[in-house]
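Trainee: Fit chain B to the supplied structure of chain A, relying on the hints for placement.
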Amino acid sequence: MAFNTFYNEILTDHNMHPGNKHKIEDPTYELEGVNPSCGDDIVLQLKVSDDDTIEDAAFVGDGCAISQASADMMCDLIKGQKKEEALRLGDIFLRMIKGEASQEEIDELDEAGCLVDISHMPARVKCAVLGWHTLDEIFKKNS
Amino acid sequence: MRVIDEERALELRKDFPLIDGSKGIYIDNAATTQKASCVLDAVRDYYLNANANPYRGVYDLSVRATEAHESARRAAAEFIHAGRPEEIIFTRNATESLNLVAFSLSELLLEPGDEILITVFEHHSNMLPWQQAAKRHGAVLRYIECEQDGTITEENFRSMLTPKTKIVSMAQVSNVLGRQYDIKKFAQIAHENGSVFVADGAQSVPHIPVDVQDLDVDFLAFSGHKMYGPMGIGVLYGKMEYLEKMPPFLTGGEMIEYVRRDGATFAEVPHKFEAGTVNVGGAVGLEAAIRYIQSIGLDAISQREEMLASYAMEKMTQIEGVHILGSADPKEHTGILTFTLDDVHPHDVATILDADGIAVRAGHHCAQPLMAFIKKADGRPVMATTRASFSFYNTKEEIDRFAASLAQIRRKMGYGI
Chain A
1 MAFNTFYNEI LTDHNMHPGN KHKIEDPTYE LEGVNPSCGD DIVLQLKVSD
51 DDTIEDAAFV GDGCAISQAS ADMMCDLIKG QKKEEALRLG DIFLRMIKGE
101 ASQEEIDELD EAGCLVDISH MPARVKCAVL GWHTLDEIFK KNS
Chain B
144 MRVIDEERAL ELRKDFPLID GSKGIYIDNA ATTQKASCVL DAVRDYYLNA
194 NANPYRGVYD LSVRATEAHE SARRAAAEFI HAGRPEEIIF TRNATESLNL
244 VAFSLSELLL EPGDEILITV FEHHSNMLPW QQAAKRHGAV LRYIECEQDG
294 TITEENFRSM LTPKTKIVSM AQVSNVLGRQ YDIKKFAQIA HENGSVFVAD
344 GAQSVPHIPV DVQDLDVDFL AFSGHKMYGP MGIGVLYGKM EYLEKMPPFL
394 TGGEMIEYVR RDGATFAEVP HKFEAGTVNV GGAVGLEAAI RYIQSIGLDA
444 ISQREEMLAS YAMEKMTQIE GVHILGSADP KEHTGILTFT LDDVHPHDVA
494 TILDADGIAV RAGHHCAQPL MAFIKKADGR PVMATTRASF SFYNTKEEID
544 RFAASLAQIR RKMGYGI
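Just so you know, the sequences run in chain order A and B. Going left to right, the first sequence walks through residues 1 to 143 as this note's numbering numbers them. Going left to right, the second sequence walks through residues 144 to 560 as this note's numbering numbers them.
Okay, chain B solo, but in the shape it has when bound:
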């Protein structure tokens, strides 16, 4: 493993034209990462040299487009250690992946009165699809509440399972707290209970090695754009035993065998779940992003991001009025530091940081129930927060500038320090 030190990070930044040499500081990587040149080149190369509608044409160009899409499928399968490429379904993003599984799996499994179990810290994309599924099937959506620092004990998890719990869905890494959850353990407990386990990998797959067979999760969703790939391409991994039985989500072209006036038979998995002309360019870009990450090494990436979070935490906790959500241990943050600043609204924090060229996320981070659940020292819910999230290409110097800017905000807003 080649460690990413400051020198190596500066070298790797050259792969990202938007930030290389820029005075701006991009630390909103949990929202989306910057795109590597090799990704953009791969997308361009596909459209310049191999573009045709895949799967349909009998001519050579269409065969090449098909092969490009299938090559990306094999790369994604290899990346998360899926047993076979057919278990990889391409979607637009993690949100669509979660909508797909929530719709089709609930069609397969749910009866009135059944229960779906999620956590209070889920991103809205792993919450609303289940709310909708529960409504459609007369099922009950239940929430596991975490501790204030985001931890969920095995005991707490077990206590929420009942014989009616058909589906459990939770994030491997919280997009707000950055905490990693032991989904291998939780999946095992869920399986013992006869429940299917769905994992939201949007914030884990780009940052830590993920092996779906070792974790033994039944489904895993992630997005390409959070891992240096293009927007508009995502993945749903699912175990074949479920994918084969689940009804389709979207219907139309490309996903059929035979269509009659009174019905249709559907194509084999994964095509059954990929209606319409697929996003070959996006898939090709995702494959390039996967190869790029593999060339750097996920171990090196996660080590670097942990170091950056640790360095930033040390600087931030010295600033009066800053409170970081979640664990006090930077190892439990996966490069995500969400915080409040006393007396100053997160949107004002973000606007003032923006004036210094620093891009952070402010607001509820698509996790409103969590924002209402986490309390400030005075007992009121935080409601909104500011989030800095790092990638391996960020530098200590950028964090120094971020901390220096952050330290000025209360004074700028008229609060004495």
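Just chain A, with the same shape it has in the complex:
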């Protein structure tokens, strides 16, 4: 089973040394995402230019390794991307978690693709998707 390899180096490294876990000065958008049942709690901040390019992405918060590492990997992935591209990647991520994404699509997610086995762990899905849902909400609220 995937469990024994699930907490791999990519995940634990992003959890212990999250490069994007800090505050951004003058963020364009900011939104809190919470999983009430387990207490995962993040605030996602984005700096977005006039042409909808995500110039910077960061988060602060508390939670399990999966929620924190997933948010950190997401920030790595969406920085420098256009809003539409970030949302497209988010859609792939959410489909990956449901076990519905192709391998080619998962490859596009770079390190975040290491969370593919979450699809076999229903109790942890909400941890993995917290950052991505918050990203989706930010753009929904500000479109």
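Simulated from the structure, these hints should not be mistaken for lab results. The beta-carbon is built from N, C-alpha and C at its ideal position, and this holds for glycine as well. Among the hints, a few may not be true.
As the list claims (entries may be wrong) - Have a look at the derived ranges for each label pair, beta carbon to beta carbon: (1) A:37 x B:290: 24 to 34 angstroms; (2) B:175 x A:122: 12 to 22 angstroms; (3) A:23 x B:164: 50 to 60 angstroms; (4) B:294 x A:82: 55 to 65 angstroms.
Stated by the list, open to error - Some chain B residues judged to face chain A by a derived CB distance under 10 angstroms, without partners named: (5) 336; (6) 490; (7) 491.
Mentor: Okay, now just chain B, sitting in the frame of chain A:
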């Protein structure tokens, strides 16, 4: 009393098909226990041989269903030493029992400005019904704060009572800390103050002998599914003097005498509080579970569970980064060990233990105010924890494997040991 040693525990495990011979380790018994074969057989036997709608039919089969339900009531009364079977009301679970008493007792007693007193460590099921009752009646809900290890002194308890305190409700055993509270003493103090005392017995009744007359509590709630019985059956014990005066909680079929267009008169206690077709199968299963526990002996069960907690504590405290909540004395844990592991979130702890086939509970244990109240060494609230809870059927070998798996988690998460 026949002591439950390892050999006897392995023998008793044969009564639980789900865990007997299983490689998995089930140590989430405070959430729900596994079900004994005799319980499942009793439920099946009822539905195969005596099923009909009880209390209504004049035919023989209905009479037998009624008798099955009433037999379970007598068994539950005997088990907690209630004065009479009519003081036993069947519900779905301890949560429903507490909702019933919170609703109906507050209808009877509360005036605006009155106070309800509970503790900060209550399970949400002994907290939210009182929050709602306080809102409905303009009453004030007050919380007794415990020490960080969960103790509540008599002095602290007394200091929270006022002439307006109409109701006091607290757990006999905390579902997080496993600590047992001297509710006999607290009930006596509450009574001296003129307050009614409600006890949540969800975590005590399955593990220690409980005698409601000796404790002199006015109400006691517990669940069948935490004591080897089926899900969907629970009990509210209440003193007749209150039950007779309290208005009903749920209304409808089975709980009436006469119904007119403009009103109704209600059935006698306990039927007044058992609206709708009752869960006879569940009650029959609960009776079988009670008989099963009695055949093993609650003294033997509590001794075994204390030994397991003691053994597990010894192993766990040797693991770097493990901090057990509550008392340092395993006698004060009722088989429940809730802990934190430095740097690792409880959900990650539980997922990694699950990979080794070990079932524990992680999260806030339906006690969020307690999780916010208990502080870590750095002064921040724990917010979430991991809980291992043992039953007599667990073995030392299982605890060895649990401890071995737990000892690897920080390393697996990248933290050096």
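Trainee: Evaluate each hint against the coordinates.
Mentor: Quick rundown of the hints versus the structure:
no.	hint	verdict
1	A:37 x B:290: 24 to 34 angstroms	holds, 28 angstroms
2	B:175 x A:122: 12 to 22 angstroms	holds, 19 angstroms
3	A:23 x B:164: 50 to 60 angstroms	holds, 54 angstroms
4	B:294 x A:82: 55 to 65 angstroms	holds, 59 angstroms
5	336	violated, 37 angstroms
6	490	holds, 4 angstroms
7	491	holds, 5 angstroms
Consistency with the previously given hints fails for number 5 only.
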